[in-house]
Each structure stands twice: as C-alpha cells, then as structure tokens.
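**Student:** One letter stands for each residue in the lines below.
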Amino acid sequence: MKSRFFAAALAISAASMSIAPAASAQTPGVTADTITIGQLGPLTGANFTFGALVMDGSDMVFNQVNERGGIHGRKIKTVREDDQCSPQQALSAAKKLVSDHKVFLINGGGCSNAALAQRPYIEESGVPFVVFSATNDKITVPLAKPIFRVVMKASEEGAIQARFVKTIPTARRIAVVSQRDAWGVAKYEGFMAEAKRLGMNIVADEEMTLDTPDATAQALRLVQAKPDVVVTLLFPKPTVTFLRSAHQFGLTKLPMIGHSSVSDLSDLEQKLGLKGALDNFYTISLTKFAPTDAAAAPLRDSFKRYFPNAEFTQYAMWGIASAEVIVEALRRAGPNLTRENFIAALEQLRDFETSVFPGKIAFSANDHDGNKNGLFVRLVNGKAVPVGLQYQ
Amino acid sequence: MPASDSSSRRHPGVVRLALVGAALLLVLASVQANDYQLHVITIVLVNVMLAISLNWVMGYLGQLTLANAAVFGIGAYTAAILVSRWSVPFPVAILAAASAGSLFNALVALPALRLRGFFLAIATLTAGVFVHWMFVHGGDITAGASGLAIPKPNFAFIGLDASSGIFLTTLLGATGAIWWTSRLVASPFGRRSLCISEQELIAPTLGIDVVRHKVKVFLVSGAIAGTAGSLFAGLLGLVDPESFNFGQMIVQFMMVVLGGLGSILGSIVGAVVVTGLTEGLRAFKGLHEVALGSTLLAVILFARRGLYRLASSRWPSLAEARSGGSALGGYRSLDIAATASRQVASSLSTSAQSPALRVTQARKSFGGLVAIDSVSFEVDEGSVHGIIGPNGSGKSTMLNLVSGTTPLQAGRIELLGTDVSLMPAHRRAAIGVGRTFQNLQLVTGLTVLENVMLGADSGLARDDHHHRAMSFKIKEREAAARAFEALEFVGMAEFAFRMGNELSGGQMRLVEIARALATRPRLLLLDEPAAGLSLNRIDTVRDLILRINRDLRITVVLVEHVLNLVLEVSDRITVLNAGRVLASGTPQQVRTDASVQAAYLGRRASSRKAVTVDV
Amino acid sequence: MIFNLLVNGLALGSVYALVALGLVVVFKGSGVVNFAHGALFTLAAFLGYSLLKAGLPYAAALVGATLATMLAGVAIERLAYRPLIRDRSALVFKAASIACAFVVIGLLRAVYGQQGDFLSYPPAIEAGALALGDLLIPSQQVLVLGSATLALVLFGSFFRYTRAGRIMQAVAENPEACRIVGVNVDRVFMWIWGSGALLGGTAGVLLAPVTMIYPDMSLSILIKAFAAAALGGFDHLGGVVLGGLILGVLEICLGFYVGSQYQEIVGFALILLVLVFRPQGLFGSVRVARL
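Chains as they are written, first to last, in this note's numbering: chain Z, 1 to 392; chain Y, 393 to 1007; chain X, 1008 to 1298.
Because the hints were derived from the structure by calculation, they are not lab data.
So the derived list for chain Z, only partly shown, Cβ under 8 Å to chain X, looks like this:
id, residue
1, Glu207
2, Thr209
3, Thr212
4, Pro213
5, Asp214
6, Thr216
7, Leu220
8, Lys237
9, Gln248
10, Lys271
Beta carbons: idealized from backbone N, C-alpha and C, even for Gly.
So that you can see chain Z by itself, here it is in the shape it has in the complex (with noise of 0.2 Å):
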C-alpha cells in the first residue's frame, strides 16, 4: 500500500520533471535603465578581505559609474551573496544569484576552492564572471567561455617569482617554504615549473600550514641547506610564524621572496616586531602603488566619500581594477547588451590601463587571464618602494 502510493508519486513526478519548459529568452539582469551585477565571494569567516572589502573597492566605481549618469542609460545595481570560502556554499550562492536574483553577470571569486567549485556551473549556465581574487589556474584554464580573470594567475605569479630570483646574481641555491592548500599548491607549481626550466637549483622544500604554530624545524633545514635566496610562498600568518624563526637563525640576512598575498608590507613589519627582519624582503605588489601612498590619494579620497568608515586596502584597489574592467567592457558592449556581445567585448579588450594594475589588462579569445604583470617592492625606511623585475 505504501510502496505503490510511493511509486506513484515517484513516476509523476518524474515525468513532470522532464518536461522542462523552454529557458526564457530575454536577457537576465537587464532592463532598459538597470544592469544587475552579482558578487559573489567570502562577506563572512576569516576570507573575508577577498571578497567583502574587493567588493568594497568595485562598489566605489560603480557608484561613481551611476553618479555619471550609467552606462548606454543603464544604472548599475549591485547584489552581494557570501559564499564563506566554503565550495558547498559557493554553488548555493552561485546559485542563487544566478536563478533567483537573475544577475547579468558576476564580480567575484574570492577563493580558489569555491570559485573551482563554481566554474561547472558557470560554464553551464553562461552568466560572465570575472574573476577578481582567486588564484588558481584551474578556474581559468583549460579555457571557460564565461570566467575572466583580472587578478594574476597563481603559476603566472610563480614564474615572475622565479624570473626574478634568476636576477638576483648569488642565486645559486635556492630554497622554498610553501603552504600546500588550494591556494598554495598552484602558486608553488606555478614557480617550481618555471624555476626547473630556468636551471634553478633547488635545496630545500619546506611546508607549513596556516596553523603551525612554530616554524623552527623548517628554519633550522633551511640553514642545514646552505640557501643564497629564500622564496616564500606562504599566507600572512604561517609567513609571519617563518619569519620569526628564520630571523632567530639569521636566514633574513638573505634575500627573502614574497608574493602578492603578503603585500602589505608596513603591515608585515608592525605584525613580525623585529627590526631588520624585512630588510631584504621582496614582495610582488599587484597594485602600482601602496594604497597608503600619496599617489592613491584621488582613489583613496573618493573611496573614503561611500564609506567612510572603512580602511582603504589593497583588496579594496583589486575590486577597483575588476569593477573598471567590467565598466569598460560594458560600455564596448553596445546599448544592446546581451552576455555574448559583453563576453565578446572582454575577449577584444587590449592594452587597457586601469587606475591601479601596474600593467595593462588584455584578454583574447583563447587567454581569459588578463593580468601578466605584477611589481616587486621591498620596505625602506618602513615605506613600500617599487623595485620593478629585477633584483636590487
């Protein structure tokens, strides 16, 4: 009795299933004066620098986008969901802005593990997401018609990395500390495929994880090594607790390489506490300058006047990158918009400069990652200095 009433529903049900209705046809997230822009990253839990305050960043421009008047006649409103970092939160997320808020296209990608989670869906479902914290490779390559990346790939960072130390002239042996999560492990291939081709002779391979708590077993391998150059390729916390360690053994004699998650190196300097630790410490910048520098005084200015109670950071000049991106290309776009003629105007996008990159952003249409230069700084006298690529 049970089972047939069960069977029954099950066989309705499953029949009415697979009678879809046909996708509608008009385009989501566009009217004839609003273009609804979802983003999508970490608001909450300890990721949120790379998606709440980018996003920060990316709602300054579109706002002054709105004050101008929009876009072809089209206000730009934004609608943010949190994806905590998590891949199962990500795709509900993902999810929802896509089916329910019916956004034109996405500004996001916080994490590499939930935007990887993402991307199946994202392909599938064609909505434009432009990429604006995550690192790893996987999330643009092999190539996914919709995702766009504009900040640098993990094994991009990785060879500038290695390209670099190959500048340094006592670099003969080098040794390498990395964290082997998501984040980690594509930013350690990226260097380690590069540093193999350039002849780099590695010496020591040491790992940490966001929690070790004390790092001197890595330090005291690396002096049994003998390294000229140290890269590291590390979270801010775990390069903290190394830092400490490698100090107490006099590794920070060497020159030490950092990586765009560290970039904020007056910060580094106030968190480690130990005078002449950073004084051969380079770090990659993404941004051209630092975002306490009197060269972002307009941005800073201007960010400071929709929220005035916030830091300016350097995520905050990521968003600013990303949202500018997307400004332009929907304006290339054409007053006919669709996600295929924006999809079309990002793949034709050459040369163009925002007001942060140090270089500019060009897509094709087989290379959605759009950012290819990063900018190396170290701490002099406790102030971010531009160093360029190659070692001084």
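For chain Z, the structure is supplied; the task is to place chains Y and X on it using the hints.
**Tutor:** Positioned in the frame of chain Z, the structure of chains Y and X alone reads:
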C-alpha cells in the same frame, strides 16, 4: 489489558510520514523549482542523511563521535575517484562509497571501543583531522588541496538533466536511510543500542556482545554517511578537503543535538533548521555562528532532548511510534489464554544430571583486596538457593562472577553443565542464565515493554538457532508476546507502554525481573530484589520468587539482605563472610548455626518478625 | 642545531603542558572533559591583545586577560556543567561544552574578525638572545619557557602544599565524602574550573606572541592538549606536563629530521598510538581508561 489510549494517540508511523513528505517534495520540485531552490533542497536531503547517520552513534549509542565529517569525506572522495579516474558508473560508485564509509567508521571506533567515552571522542576527533591531512596530501590520488573535479553523472537514460537526476537520487537515498533506520530502531538492534547507551554494564547479561554491537552501529552509521558523501560529490561536481573539515563536523553535530538525539524526525527537523539557518543567517555578517551556538546551548540546557522532542512532548500525536504496539496488536488477535501453558512448556528443564550451578574454589581479588576466596557451592536444578552475608562479604561479587559481569581469576564455574569459567558474559546468557541488578535503572529511552523485549530478544536469539526461518515481523511479534507475558506474570502488564523512567523503584524492580524472565532462563540470578522495599512489596517479591520457581520451574539464586525473605523461600542457603563460605545448608540449619549467628545475627535467635536487617 | 631544536621544542612544549594541565585539572576534579578548553585559551589570547592595544603595560595586560579567562571558565561551569550534572549523561555535557566553545569562538570572530584574519602581539622583549657559552637562545623562547615553568611550579605547589589545593585534591578524589565532612563542594568545583581556565589562559597569553592569534587556533590547541593528556595519562598531573613537553619536542624534532609536512600530524599520530597500545598513557591509572 494495557492502556491502549496512549498508543492510539500516536501517529501511525514515522516511515509513512517520511514517505508522504518525500512525495510532497517531489511534487514541489517538479513544479519547476529554480536552480537555487533545487540545490538547497538537495543539500537539505544530504544533511538529513548526515544527521541520521550521526544520530546512530550519538543518539542511539550515546557516544560522541567527531569523525563523521571525515566519513562523509571518505564517501565523497571514494565516489569521486572512482568516477573521475576509472569511469565507474555512478550507482556503483555510490555503493562503493557506502562500503568505504562503513569500514572506515568501524575502523576508527575500534581502538576506542573498550575505553571510556571521551577517548572515543578524542580518537574520532583525531581521525577526522588525520583524514583531512590525507586528503590534502593525497597527491595524484586525491588531487590535493585544489580538489578533485568529477564529471556530472548522466541521467539522460531517464530523460532528466543532471540537477534533477541528482535530486531524485538524493531523495531516494534520504528516504532509504530513513526507512532503514526506522526499521532498525524498532528491532532488537535499536533496543540494544539504547541499552548499551544507557546501561552498558547490564547489556552482556542480555546476551549482547557489546563491542560487536557497537561496531555494527558504526558500520550502519558509516554506510549512510558514505552514501551521503557520494551524492554530495555528484551534486557539487567537486570534492575538496575543506568541505569535510571540523567546521562541517560542527554543523552535523548541531543538526543532531538541535533536532533531538535518538529520534529520526528529530534528525530531519535538525537538518532542515540548521540548513535553513545557515542559508538565511548569512545576512547577519558573522553573528550567525554565535546565533547557532547559543541556540544550541539553549537547546541543550532547556530542551535537552532536542527541539523535536520538545514539540512531541507538547503534542503527543507527533511522537514517533514505539515498537511493540503494532506487533502486540497482531498478537492480541491470538488466543491469550494459552499463556501459562506456553511458558511452562518452554521452561521445562530437561532431565539434568548436573546441578544448575556449581562453583568450585572461586577466587577474585581487586588490587590488594581479596573479594572472593576459595568459595565453593552447588545449586540443584529446580531449587531456590539463597546467598547471604554481611556487607562486604562478597555476595554481589559472587553473583557477578556467576553471570560473567566480573571475570573469574581462579577456580571453576559450571552453569547448567557447561564450564563457563572463561566464557564472556554475553555467551553465558545464551546458555540460559538471566539476572537482575542492584541499583540500576531501566532504559529511559524505551518503553517498559521494550525494556522487557530486550530480554525476549536474548531468548529468541538463543532459540533462533533452532528455527531460523522466522521472518522479521514474526520475530518482533514473538518478542513482544514473550515480553508481554513476562509483564503479566509479574503483574506489571498495565504499564507496558509507559516510558522506562515513569515508574517507581519497586515497579522498576518488578519490570527488571520480567525482563530476566523474558529471556526464558533456566537459571535466574536475583541481586537484592527486596532492597529498599516496603513490607507489602517484600511479600509480593516473595510470592513472585516462589511462583517463578514452582510454576515456571526456574532455578533461582537469590542474593539478599532481607533475612526473612531468604529464609522463607530458599531450599538451601550459602552464607558468605569476608569472601569465604561461612556456612551452608537448609534455612533451619543456617539459622541455628552458631557461627552464622555470631557473625550475622548477634547472639539472639531470629524472631518471626519481618525485619530488614542491615549489618 | 640539536640544542636549538630542544630549546624551542621545550618552549613550545611547556605551553602545551600548561594547556593540557588545565584540561586535566578539570577532568580530575569534576570527571568531565571540557571541550571548550581550547576556546578559553583563545579567549585569553584575544583579551590580552585588546588590553595591550588599550595601552596597558605588558605584564598587566597578560594578567588581566588570564584573570578574565578564569572568570569565563567559572561561567562555563555555572552555565553548562552545574545544570547538567543531574543528567548524568556524559554525552550531553560534551555537547554542551562544544556548544560553549562555538559561542565563544563565534563571539571572538564577530568582534575581532573584521580586523583581518589574524592579529599579532608586539613582542614582549626586544629580540635579543641569551648566550650560554656559544649557544644562543632567543629571548622570546626564554620568556615562554621561563614563564611556563614558573606557572607550573606555582600551580604544583599550590595544589600540593596549600590547604585550598589539598581540598581541591580531596574533592577530586571523592566529592561525596567531602560533602559529608562539610566541605562546600560546589564552591570547590568552581575553583577547580577556574584553575583549569587559569592555566589555559596563561598558556594562551604566553603562546600568543609567538604564534599570532586567530579564532580557529582553538581547535589545533585542543588537539595538542588531548595529545599531551593522553600521552601523560589523563589523571596524572605530572604525567600530563611531561606529555606536553614531549609533544613539543617531538613536533619540532620530527619536523626537522623527518620532514616539515609531517609536523602537524605528530599530535594526532601520538593520540592514536597511545590509544591503541597504552590507553592509560605513561602515568595514568588503568581505571581512567576503562569504562
């Protein structure tokens, strides 16, 4: 007749409710839920499975396991690896995931099964973190920290797209888990789990191999969580280590505690509430953790048994059906009058040459203290044998040695002709020994009838060797019938559907005896059945013992303080003092023995007044 | 080289010992394992940070944070332990302590989370080193090792030689007998929990300058505490301290000699090994292990 009104107010069955719910969901989904909603519903279903899986260990077994997220992950990764690397069809991958989850869970539990509860908690916590580390460092196999992508399963052969297909499969999985669990709960498996959870010490005397049973529960729990993992992998298309970390474990934990431990509907409620809160509270910018945590704490403090139980205590019609109700209904249609003759028939002792119990030079010490020293005595089949002695004489220890609750150090014990000196307690029960305990309660999570059915299950398991052909339904009916008979025998049948903790001490004592009787023992060990009872009750107990011995032809060994009771019912008495046999003989002999009088009674001969003597 | 490994290992281990000791004090005293212990450790670390930021001198900030954490420990005893004693269900209590941990961590995240994914203490003393012959021990390590040892010694003496300490021991052994003799057992439970939290909090403020503080540190420190307690024996205070020291040294040495990727699983492996081969640990009684 049992109070049938309480059972008729309750809902016909959890299973039916779940199936109705399933059908409703199907209809809802088919009315074109959008992508997001379908996704959320599927996640809820996965969470339901996880809550049910965790509930097995935490609710029914009463143990804290913190490895369930890892089991979930093992299932997910197993399916993902099989599908993505070896193109195994999805249904096969699901089965593999269930097995992997099952085995892993049992493995994790093994080292800690004989240890105290918190060791299990720590061991599982550790295992969980270990597994996470393995996922991250799994190199080529697990694709490490970036996660392993899996192609979406193909449902084209039934004309569905991937999302709908996964939803349907998950719905089937969840309903299957619910059905299987409700089946197991209303069965010896479920009853025994609760018994172990609340009264682990007495479980072996009911024929329960505790360690083996715990492993089985972990196997069941692991199978469900592993299956949930494979479905989750199919849903997300990506498995990565962070989906199965400690944060995930906390979510599962919350679902079960919020909804209610030991309740299927509670698990469902918990899953829905927590998933809903997680989706809905995201707007609260970080305070959702605090909100969830405080809710959890509030529930634990004020609605200890969870939200669902809170609701069902207010509205009893929501309560889950108890076992025995419908089984008993079937029985009642049979002829009840045949009760007495049935019992007598199956308890008839075979012509035994050997005594029911023979203890030879038994010895047991605890550290430096010698509790039992060279004790020997015999109990003839069909007799009532009393064991008395001052406090600290070792009476209870002696009983524990006979039932196997305490292992024997030296000497020999033969039960019903078999040497059981080295046999574990749960195997002795199978020979035909039943016992009661001092100071222990009934299982509060079960009704009185279910408590007694624990005994019936034991007896049936023994008889099962002879007639294996009994189907599950028939076995349940038979267990309920035997339990009911036993309750009638001790005069507690009207309390059959009360919960275990609703009785007074004296009533519980009687139910305990009924439970022992339901095992259809040939030898019954009674541990101070009259302790703390009023004079009236002591008479009831005396009459009961005599009826047990004469009508049911069961040999009784009685440890007691209430002297007059022992003197009245026993055929022979053994007196222990400081772990040794002080005297042995008929009640008359013992009463007049000078050394017994000196040690026990003082120099006066005992009066006929019924007095509880506590030395 | 090995000297550095040992010294750093001992410094790290002494903090583990403190945390584990707090856990075991509560276990011995009230018979339950407090799963919120790691959260208390974290709470102390964050409170210390706030006090330092508010301008208090170093020592005052640390002491203040530790005392506040002690109060939090007592609050948990009142809130989660006392009402649930009647229940007699160990599982319910574990669940309650996990819920408390969750609330505390959630609060910390809500209050401090917006400031970045981790916070850092200014170092207690200028980086310098103590010279022993031709071996250098960095001052931070000296400070940690010294303070932790001092705390352990102080606590040990308190427990063993003062009246209050002996009463606590007695209640831990046999609360019923103490009640009969007229000891205010409820108040002593409060003290026991407070001591446990005090120890955990001290560990927190000692370790914070070294490891930086972040809300999720509670889980990893809790596992370390369990490992140390399991190794030493859950009911042996001295054993637990030794367990912590061994754990710290093992972590650093294994990380150096075997490979840094194994550093994080040393604790877990230790727990599992102990459980399989010698559940009572090095010095614990068999009673504590069995049912």
